[in-house]
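*Asks:* Residue numbers (my numbering), protein chains in the order written: chain A, 37 to 529; chain B, 7 to 468; chain C, 2 to 121.
Just so you know, the hints here were simulated from the structure itself, not pulled from any lab data.
Check each hint, because a few of them may be wrong.
To be verified - What follows is a list of derived Cβ distance ranges for each label pair:
| hint | chain 1 | residue 1 | chain 2 | residue 2 | range |
| --- | --- | --- | --- | --- | --- |
| 1 | A | Lys434 | B | Arg138 | 28 to 36 Å |
| 2 | A | Pro486 | C | Glu97 | 55 to 63 Å |
| 3 | A | Leu194 | C | Glu80 | 58 to 66 Å |
| 4 | C | Glu97 | A | Gly335 | 52 to 60 Å |
| 5 | A | Val141 | B | Asp118 | 37 to 45 Å |
| 6 | A | Phe427 | B | Asp204 | 49 to 57 Å |
| 7 | B | Phe81 | A | Val141 | 47 to 55 Å |
Claimed, not checked - Chain C stretches covered by chain A per the calculated footprint, using a threshold of three residues with CB under 8 Å from any CB of chain A:
| hint | segment |
| --- | --- |
| 8 | 22-30 |
| 9 | 80-90 |
We put the CB at the ideal spot given by N, CA and C, even for glycine.
Residues per chain, in single letters:
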Amino acid sequence: MPFVLFKCDEAIPEREKHCYVKAPGEDVHEYLPAANIATIPGSLTERGCSYCGAKLVIGGAIKDCIQMIHGPVGCAYNTWHTKRYLSDNDNFQLKHVCSTDMKEVHIVYGGMKRLEKAIKEAFEAYPNIKRMIVYLTCPTALIGDDIDRVAKKVMRELGDVDIFCVSCPGFAGVSQSKGHHEFNMEWMRGKVGEYEPEITSPYTVNLIGEYNIQGDGFVFEDYMRRMGIQVIGHFTGNGSYDMLRGMHRAKLNVVICARSAGYIANELKRRYGIPRLDIDPWGFEYVAEGIRKIGAFFGIEDRAEKLIAEETAKWKPKLDWYRKRLAGKKICIWTGGPRLWHWVKAFEDELGMRVVAMSCKFGHPDDFEKAISRGSEGTIYIDDGNELEFFEVIEMVKPDLIYTGPRVGDLVKKLHIPYLNGHGEHNGPYMGFEGFVNMARDMYNAIYSPLWELAKEDIRNDEWMEELEEEDGGEESGADFSGMESGEVGAEG
Amino acid sequence: MGVVLVEKPREGVINPMYNCQPCGAQYVCIGIKDCIPLVHGGQGCCTFVRLLFAQHYKENFSIASTSLHEDAAVFGGMKKIEEAVKVLVRRHPNLRVIPIITTCSTETIGDDVEGVIRKLKRTFLEKEFPDREVYLIPIHTPSYSGSHVKGYDTAMFSLVAYLAEKSEPNGKVNVFTGWMNPGDIREIKHILAEMGVDYILLMDIEGFDSPIMPDRSGFATGNTTVEDIRDTANSTASIVLCKYEGFKAAEFLEKRFGVPAVVTPTPIGIRNTDMFLKNLRRITGRRIPDSLVEERGRAIDAMVDLAHMFLADKRVAIYGDPDLVIGLAQFCVECEMKPVLLLFGDDASKHYAKDERLVELESKVEYDIEVVMNADFWELERRIKDGLKLDLILGHSKGRYVSIDYGIPMVRVGFPTFDRAGLWRYPVVGYNGAIWLAETIANTIFEDMERRKDREWILNVW
Amino acid sequence: MPGDKSGIDDLAEKIYLFIQGKCLWQFFPREWDRKANIEGIMGMAAELIVNPKLPQPETLVDRYYYVEAKLLVSDIKKEFPQVLELGEDEKRELMERVKQKLLEVMVLKSINPELRLSSY
Ligand code: SF4
Ligand code: SF4
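Using the sequences and the accompanying hints, generate a full structural model.
*Replies:* The structure is reproduced here in structure tokens:
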């Protein structure tokens with residue numbers, strides 16, 4: 037049973053090639069869902085735009101620069117207050133966003149003058165911030181504004197500021213993914229190598245594709261510190277603009293999200309000979325393995341083992357408690373892309389759960405290669421799943437829990453299925469040893485919530501009365517309602 | 007002494023206060039039953055707004071995108087509209103309305119939405135679904151003029167202009183609520199019921215507050231039907247509760263079908279709610295019932311308990327949708343507070359700032375009210391940095407860090423209020439809204455007093 | 002059974018499946034780096050499995066292959082102890098087969114349409 041056409045997709049049979057059910061013995065060179073291709077208009081896709089990939093995912097996490105969105109105001113408004121990436125800079129990156137607020141005259145005559153003014157005003161408003169990212173959006177791309185030229189001019193004039201420009205109009209590409217790509221490649225081309233970071237350890241890494249959601253990155257930064265390793269570029273959670281310009285000085289690239297940031301790791305390898313080590317940061321075994329590899333790379337295996345031992349001793353008993361209660365539960369992962377393959381085995385092998393359906397918004401074929409290789413037989417794999425498909429899948433697999441975004445989560449709660457935020461996390465951090473315990477705790481709390489039992493119960497149903505009568509049958513009961521007609525209870529006067 | 011108008015002195019926006027036109031249009035359209043709005047543009051313009059609605063309501067709303075990709079951006083996106091409409095109609099058998107909402111990009115490209123609609127009717131709907139009526143309604147909302155406020159107004163107008171149809175008088179009143187929350191809608195329905203007025207609500211979004219049902223059937227939906235909108239042409243009158251969000255539609259009905267449009271001040275606070283009732287009385291001839299007089303009395307009682315002791319002279323900054331801001335400012339004055347700073351966040355601010363309600367307010371106060379036009383949050387933050395003393399902020403959640411970082415108590419009002427639980431369940435309009443506002447403001451101030459140990463002992467006995 | 006051809010085939014298949022389910026390095030996005038990784042790491046693993054004392058290489062990229070190979074070999078020894086009973090040549094052959102299988106599935110026969118794109 038390779039590809040499946042859901043009933044709701046009968047009108048769009050082209051969806052079949054995006055939906056796959058793994059059969060025994062099947063290989064990724066036999067079946068691979070189509071991915072990263074054009075969205076079907078009107079399909080109620082979950083996908084966002086490439087600007088979202090560039091700004092909301094990557095650039096917006098950098099802690100010490102101004103975010104300038106060149107376009108009408110909505111693109112800025114809507115990508116503000118929607119993320120949970122922290123920094124040690126009083127969360128400057130969460131609190132501020134700038135827009136050129138393009139008006140009709142600028143659409144007609146061009147918005148470059150407006151951009152120049154807006155950039156200068158913003159630097160004036162934040163006198164301590166000397167770095168900025170300028171994003172191009174759909175309308176400003178369509179009218180052909182040259183943001184690079186404006187940025188260069190301002191940099192020349194002001195002298196002490198640095199501006200990074202990224203062209204990521206929402207219509208480019210088919211999803212957020214294109215924006216990740218643009219940001220990666222542009223940063224590599226324009227910024228890496230411009231800055232010489234101070235080196236404080238013989239062991240240096242870049243943490244790539246980690247956005248410090250709820251402090252995930254802090255967990256990893258802490259591990260690195262304890263092993264005596266210096267993190268130069270944290271791309272981009274809690275990342276500093278200048279340190280990210282110094283990424284070429286690291287000896288190893290530790291890649292966490294290969295989808296959103298594999299590009300820059302590859303380019304650093306190609307251009308500077310810095311190897312790329314992909315790791316999984318969720319799950320005890322995975323995390324231990326990643327740390328082991330990093331330790332082995334620098335010849336500091338002892339430090340790695342010490343860290344692993346300490347962390348395991350601290351957290352393993354807690355995890356075991358949850359494992360007992362989570363084993364056998366069915367779970368769906370409907371997120372962006374990489375979390376499918378990062379999580380599936382950790383959930384299955386370490387917690388004994390069953391991942392029954394996975395769907396991604398912006399994965400590429402290689403994400404599916406990973407997800408399918410790691411995932412189970414009988415599991416459903418979907419690219420760019422949509423609302424109607426989700427309903428159908430739920431009927432098919434009857435999950436106990438769904439890891440997805442808040443909006444889809446708000447939908448499935450009506451079906452009495454708990455959701456956990458698979459993007460911003462419910463109560464993170466989720467990475468590292470403690471993070472995996474947090475994940476298990478969140479899953480346990482969600483699945484075992486007494487509310488689901490209550491939600492299911494229809495109190496109009498009179499079965500409870502019969503049960504009561506049965507119970508009362510032999511014994512003396514205090515009050516005798518047995519003669520009462522069921523219709524009288526609570527009936528309106 | 008009076009209203010001092012100033013304009014944001016910068017070109018760019020730092021921390022935006024207002025959203026874009028398509029957002030307002032999407033909000034209107036999700037209020038229609040059996041409707042999936044189709045946003046014609048890049049996916050972000052739709053996906054982000056869906057997220058925003060979910061942030062506020064903790065509910066999902068189905069909104070489709072034409073998923074404009076590169077080729078369409080170059081060669082035009084009309085084909086995408088066609089594809090999207092076909093997919094929507096074929097996959098959703100109960101779908102009756104597809105408003106097609108344009109965005110900055112598709113307006114810049116200049117796609118002929120009306121043309122596509124004509125073509126779709128002829129070549130698709132009539133052929134494939136001869137027995138099914140699906141309304142395709144164009145809504146033009148390029149965000150480079152106006153904001154979500156204008157987007158709301160435009161969408162309401164477009165829908166009414168497209169669907170309204172003269173037949174028999176229905177004896178109803180069209181109630182254009184403007185951008186409100188389910189709690190407000192519930193309160194308005196309550197008032198209309200007490201008055202015995204038959205009405206058409208535009209839009210009836212009470213159902214955005216949706217339950218989890220045992221049979222899994224509870225989903226958030228709007229409840230204004232195509233028939234309701236069609237019937238607006240036959241009503242006795244229209245009453246508009248938010249002048250900037252709904253008047254255009256009411257005006258159309260007046261000009262086109264002779265349905266008189268009555269603009270009533272947004273019923274926030276006692277006096278404005280009184281006006282609402284009086285206007286209803288005037289339009290329908292129904293008497294104001296005792297029950298509402300009692301409610302009114304309870305609200306005044308609640309305000310009297312708080313006003314001179316706690317609220318008097320508190321200096322308040324207010325931002326958000328124009329009608330809301332003006333209504334709240336009036337409410338503040340009723341409660342003896344001083345609305346010293348009002349911020350409007352788009353290029354139509356000039357109109358808002360010259361609103362007759364503010365002109366009237368000016369005549370009542372003996373201090374300056376600064377009105378910032380085209381404002382962003384930087385205008386608020388900068389003033390506080392420069393020493394402006396404020397005791398309270400009233401506004402939506404996007405301004406939360408101003409409150410947090412400068413330690414100024416804030417009551418979340420309007421949209422979005424994602425950083426507080428369930429606020430959309432409560433009204434700010436009507437007498438009950440006045441009670442909620444006064445008491446929520448008071449309790450917020452109390453908590454602040456306790457946190458700061460600032461005369462918190464006064465609360466021991468009052 | 003050691004020495005027996007079908008035994009090695011069988012073992013190679015099992016190790017291949019083990020790697021499929023576990024290792025991220027086989028999934029690099031483009032043909033060139035996927036191939037380089039598989040060849041580099043499996044080559045190093047073949048060396049390490051017969052000579053555990055192999056010194057750490059000099060260049061950073063080789064050192065990376067070495068690290069991945071080292072952990073892989075230790076996993077293989079743990080999961081498939083029968084490997085330990087093989088002779089030196091058999092071990093090499095086994096690893097060669099695994100490598101060929103990986104190259105076959107992940108590169109040669111791959112139906113990933115992005116694998117052969119020249120840019121990202
Ligand atoms: S392009 Fe226009 S419509 Fe789209 S999000 Fe930006 S401002 Fe809103
Ligand atoms: S206009 Fe383009 S860049 Fe802005 S939100 Fe819409 S799709 Fe994204």
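*Asks:* Each hint: holds or not?
*Replies:* Evaluation of the provided hints:
{"no.": "1", "hint": "Lys434(A) with Arg138(B): 28 to 36 Å", "in the structure": "33 Å, holds"}
{"no.": "2", "hint": "Pro486(A) with Glu97(C): 55 to 63 Å", "in the structure": "58 Å, holds"}
{"no.": "3", "hint": "Leu194(A) with Glu80(C): 58 to 66 Å", "in the structure": "60 Å, holds"}
{"no.": "4", "hint": "Glu97(C) with Gly335(A): 52 to 60 Å", "in the structure": "28 Å, violated"}
{"no.": "5", "hint": "Val141(A) with Asp118(B): 37 to 45 Å", "in the structure": "23 Å, violated"}
{"no.": "6", "hint": "Phe427(A) with Asp204(B): 49 to 57 Å", "in the structure": "37 Å, violated"}
{"no.": "7", "hint": "Phe81(B) with Val141(A): 47 to 55 Å", "in the structure": "26 Å, violated"}
{"no.": "8", "hint": "22-30", "in the structure": "holds (count 7)"}
{"no.": "9", "hint": "80-90", "in the structure": "violated (count 0)"}
In the structure shown, a violation is registered for the earlier hints numbered 4, 5, 6, 7, 9, in ascending order.
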